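Protein chains in written order, with this note's numbering: chain X, 1 to 180; chain E, 181 to 426.
Be careful, since some hints might not be right.
Stated by the list, open to error - Covered by chain E, according to a simulated footprint, are these stretches of chain X (three or more residues, beta-carbon under 8 Å):
1) 113–123
2) 144–158
3) 168–174
Stated by the list, open to error - Taking lysine-lysine pairs in the BS3-like style, the calculated list, with each CA pair at most 30 Å apart, reads:
4) X:K175 with E:K414
5) E:K233 with X:K113
6) X:K77 with X:K95
7) E:K400 with X:K95
Stated by the list, open to error - If the Cβ cut is set under 7 Å, some of the chain E residues that face chain X in the computed set are:
8) Q218
9) H221
10) Q224
11) E225
12) S231
13) R236
14) K237
Calculated from the structure, these hints are not laboratory results.
All values derive from a computational prediction rather than experimental measurement.
Beta carbons are placed, not taken as given, at the ideal position from N, Cα and C, and that holds for glycine.
Each chain, letter by letter, is given below.
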Amino acid sequence: MKRWFPYALIFLAIVGLTWQWQSDAPATQAKDSTQEFLDHRYQMHQVSMRQFDDSGNLIHRIDAQVATVGEQQTTIKQPRLISRSESANWSMSSKQAIATDSFTQLLLQGDVKVIEHSGATPLQIHTEQLQYFGEQRRLYSSLEVIIDDGEITLSGTGFEVDLTTQDYQILSDVKGTRRP
Amino acid sequence: MTGKQKNMKNHRSFAVSLMFMLIGFSVNSHLWASDATQLKHCQQEQLIANSTKGSRKLGIVEYRGNVEFCNPDMALKAELMTVEQSEQRSLFNASGSPVIFLQQSAEFTIESTSNQLRFTGGQQQLQLLDNVALKLQQTDGSELIIHAQSINYDYQQQQELQPSSILASGRPLRIELLSANSEKIVATAQNLNYQHQAGLLVLEGDIEFKQAGDIIRAPKIQYNTRTREWEAPKVNNQRIEVILQP
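Turn these sequences into a full structure, and let the hints guide you.
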């Protein structure tokens with residue numbers, strides 16, 4: 001009996017190691033990049049994407065340096081967004097943006113600049129954060145804003161812009177100056 | 181009621197009347213005083229408002245709530261103001277209770293209060309509507325004050341604020357004309373037409389015209405602001421009544 005005891009110990013050790021190797025195996029598989037992609041957790045560099053509505057009309061084009069895709073939202077670094085309609089030609093940029101609802105809504109954050117180029121003088125909007133609604137073609141913010149139409153510079157708190165009609169509203173504390 | 185009680189009642193009603201008179205006077209004097217102190221021209225166009233709404237396609241910007249505006253030509257205070265800008269003209273529409281408006285040049289000062297105002301920059305035209313009070317002052321000390329329902333003020337082209345004509349109407353309108361040597365004319369009428377270059381003031385409709393104690397009641401009066409002579413032409417055989425100070 002004593003003679004078989006070391007063999008039994010070696011057998012048990014082999015069984016234990018095999019068991020541990022088997023239980024570790026799935027964790028190694030989870031680090032597989034294919035699984036990350038399927039779980040919607042991955043990064044894209046030098047991104048450029050276009051989105052169209054049900055009628056095939058271009059809603060916008062988004063260019064970004066880095067886009068980190070998560071389950072609920074996508075964080076975009078240095079985004080540049082272009083939205084065109086028959087009469088308006090808008091471009092937006094910021095430090096980062098958080099995209100939700102399949103990229104049709106973006107929260108642009110940090111040094112947000114919006115420019116409309118179609119008129120004789122560009123309309124420029126500067127704020128620290130705004131919400132972009134792509135399908136409705138609207139912008140909204142509750143923060144301070146400066147709107148410059150080339151002749152008048154208006155500042156205030158909170159604003160809305162209709163990207164199609166080019167109508168804008170400043171919701172409170174309006175101050176304005178005209179260039180001499 | 182005893183004689184003492186009657187006396188007390190009379191005193192009380194006199195005190196109440198006096199109080200209302202004083203309130204009325206202070207409100208009236210405050211109206212012009214507030215214009216002068218609250219508004220100032222500014223070299224660079226500036227404004228403040230509670231909110232604004234702009235239409236880039238139409239070139240119209242609307243300002244709402246406690247609007248204060250000034251530029252080198254004018255200053256105004258209103259509840260609502262829309263500015264329509266084009267290459268040819270700037271059109272300002274304002275409303276409020278009241279809209280307070282000020283324009284000043286080296287020779288003229290125009291102050292007004294009204295519920296509605298429309299100022300056309302390029303064409304140099306000022307229209308005032310509802311509860312209008314307008315004061316036109318010249319540096320020589322002469323003044324024309326008009327209280328009316330509506331006033332149209334046309335400016336002389338290329339002349340800083342000098343009126344070409346002032347048309348006013350009201351039921352009744354009231355004017356005070358103070359000449360440079362402090363001679364005062366007070367009149368009520370239904371319509372007024374003032375031609376500045378000719379120095380001719382024409383009043384029409386139920387006129388009561390008071391000059392140095394003399395009272396003239398007539399359907400029409402033409403007054404020359406330079407010669408200070410008046411004329412009451414015959415209109416449809418209507419009666420003219422003249423009461424001269426002895």
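Query - Earlier hints that do not hold, by number - result: 4, 7, 8, 9
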